[in-house]
Amino acid sequence: MVQSAKPTANTWCPGCGDFGVLAAAKKALLDLKIPPHEAVLVGGIGCSGGIHNFIDINGVHALHGRLLAQAIGLKLANPQLTVLAAGGDGDGYAIGMGHFMHAFKKNASILYIVMNNETYGLTKGQPSPTSQIGFEGNIEAPFDAILSALSIPAPNFIARTFSGDPKTMTAVLEEAIRFNHERRGFAFVEDLSPCVTYNDTYKLWREKVVDVSKLPGYDPTDRKSMFRLYLETTEAGKIPIGVFHRPAEVARAGLEAKLLGENVGPARSEISVESNLAAYQKLLAGVA
Amino acid sequence: MSTSASQVPAQPTESESAQRRPPKELADVSVIVGGQGGDGTLTVVDLLGRYFRKRGLYVYTSRNTLSRIRGGHADANVRACRDPRAAIKAKADLLLAFDQEAIDVARPELDADALVLYDSTSFKADFPNALGFPFATLAGGQLGQPIYKNTAAYGAITVLMGFDDVVARQVIEERFKRRGAEALDKNLKALEIGRRVALEVPSAVNRWTLPEGDAHGLILTTGNQATALGFVVGGGRFFAGYPITPATEIMEYLMRYLPNYHGVVRQGEDELASINMVIGAATTGARAMTSTSGPGLSLMTEGIGHAGTAEVGVLIADCQRVGPSTGQPTRHEQSDLAHLAHLGHGEFPKFILSPGSAEDCFYLTVDALNLAEKWRLPVILLLDQALCQNASTVAAFDLSRVKVERPSVLTPDQVAKLDAYKQYAFTSHAPAPFAPLGTPGVTSQITGNEHDEWGHVSVNPVNRHKMMEQRMGKLLWARDELPRPHYFGRKEARLGLIGYGSTSGPILEAMDLLDTEGIATKYLQARTLFPVQQETLGPFLDSVDLAFIVEHNYTGQLARLVREEMPQYHSKLRSVLKYDGYSFRAPDIAGPIREAVHGSKR
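Those sequence lines, one after another, are chains A and B. The first sequence maps to residues 224 to 511 in our numbering. The second sequence maps to residues 23 to 624 in our numbering.
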């Protein structure tokens, strides 16, 4: 075995919610028997974005907010790879908001995990897009990623987990990666991941979370009823967790599947002139 | 004289000065076709271009459109010549006008002897030397659709220029054969309508004659198309971009080409997404490119810096237009070089290459892909609006000149023989060969943070110092591999010209003009703009008394870059600048050089 980049020592605060995501992601990849070289984790900027340093697969540290664009480019270029993207709520919902919303539309078969702690931890506790009104003087409405995700009519996998419930989280991440492997499209998982230093919400969230699958009328194939269920639950002061959208069809709806079919894709295509000579000659003959 | 739809056959509208005269041979002819967007001006230019090419003439076409879909003034220009000319002729010989605005806009571009041929359906030309036919009325009356006015006008031009009527007809057949039988039939009839009315006016018949040329077997292409083709044959397989004039056609061509080669083209939600998709794709070993123009380049600057420090080889084609901000989206300028040479925050290496013709776009794109992959850095292909969108006749592309070299990409077998794989190994030379993400047996860490050889984040000052030298050293170590200039003109000349991109066309024409006056010049067409190629510029500047740096901007960006790196030549350098949105015409360049020569004689 060739010696290559290995995980480095963790730098997160003890008790950080991100540890839950790291453990669950490792277990999911192991359970699904994905070889390290076939998996890539694209991290954003912020505490959570460093996650790619702590896991023994390929790691890419992207620009702030741009991790989804890099992850999608990666997947389209080599659809054989299992591609995970992971970052924080500031990275995904503030500077990366444009790419975030478009990722649902694009529907490339990658998994995006947002570790939402409702603050900017690494820069020491400023309000983030998901901060509640009143947090550090925040007077703007908190952004709800699940509602936004449900609003886009694409066959995405949409879920929320809680770092205080690692078992459910592992199951959801495994399901999301399988969803990607079936080339069905984009999987989005928001993890409620408390920042123990600047916004310790473990106790509050533990009291508020409710397993959406236990609620009457739960049907994640029906976007309309899930919208209603989600809104009713949040308006009652609870935080629903679980799978909110799991499209019924198993069609190859993933962007890479639509674009490439059974083609190997850009990274593994043959690019020497010799092996493409006849096709190139024909191409150039078309310019008269 | 006004006409109406009931007047068939129509009487020509002819001003006094357009009387019968002996035919004049034009070895170099320029025709402008102007009207409202949607008048079909581009079709007439296309038809004329096809005819000229059949006569063995070199062709150069340009278009002048506004940033809107329909309506608004639009004109296009076609030049045909026995010599290869990649520039707009200084003064046009004929204007085909569909409205008075076309005449007013083109007036400064017209030769003193020029004729205005116009559609007199709805106006009478305010121009001393004008000839009008009611093309729209005639087409509407005889074909039921006035839109065939443009082909009818082409018919009149075939009479004015003494075209061979069989060849003139072939051109229509070739142009419209794929549009269905009805379209072809009506266009052929429109051609005859135009010919018939023109033949009735003695002064219109064979007003000019055209020579035969020997420019056969050439292709007519644009810089944008040549760049897209070069990308495909150079092994490019991934493209992401955002629509922007004048770069969009690169994406459009690749949407047609790449799916045949397992390639992918995506339109991003913005330029930020586009450059980052390209970076992501390149980490898997795919050869990847984006194309943009000034406003998009500003947004991509963040990503280009990331590619520089994360050492991901990507190609960015910048089709320069008038800036800053939205500027003039459809107009020509070369004003991004200063930004590109000093690109981004922090310091990172990049190469800026510039082709000087559509032909050069093809081959240089291949070189750029090889260099980006080997040196693992962003390579910018610096184009400009005139180069991107104007079409010229060039030699057919030669695949035997295309070399796709991948010395720096590790195969799984090569990886298996390694003891250790370091993504960012210190080599004190070109980067060590890399394993694309997904290569069995290895994992990589790729990051925009400062990192150690393994790709792990590092704040160690010794490591930082060495990493900076390892990355920035590429600008020195790659020098021997960077594209060399093309040289033109008289070796012994003491007057030099330096330029890049589309200015090559008008520069070469200006040199011919000066040559006839006994002023000998030579020209260095720079193809590597950054790092500044001292080893080629130095000997060239040593060999001349004065060097004129010709470029389309206000501040003399290339001249400033040369002065910055090579201050010893300061006193030899002069700038020839143009920044009105139009490309150089040869006299714009010949003028200042002539003045300098005559000034020094006095």
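The set of hints was computed from the structure by calculation and includes no laboratory data. Note that the coordinates shown come from a computational prediction; the quantities given were computed from them, not determined experimentally. Any given hint might turn out to be false.
Below 25 Å or equal to it, Euclidean Cα-Cα: the simulated SDA-like pairs (lysine to any residue) are [as the list claims (entries may be wrong)]:
no.	chain 1	residue 1	chain 2	residue 2
1	B	K425	A	L506
2	A	K505	B	N282
3	B	K444	A	K505
4	B	K488	A	A232
5	A	K461	A	S448
6	A	K481	A	G465
7	B	K444	A	P259
8	A	K505	B	R72
9	B	K199	B	P168
10	A	K447	A	M320
11	A	K229	B	N471
12	A	K481	B	D292
13	A	K505	B	L242
14	A	K437	A	Y425
Query raised in the report: What are the numbers of the hints that this structure violates, sorted from low to high?
Result: Hints 3 and 6 are the ones this structure does not satisfy, whereas the remaining hints hold.
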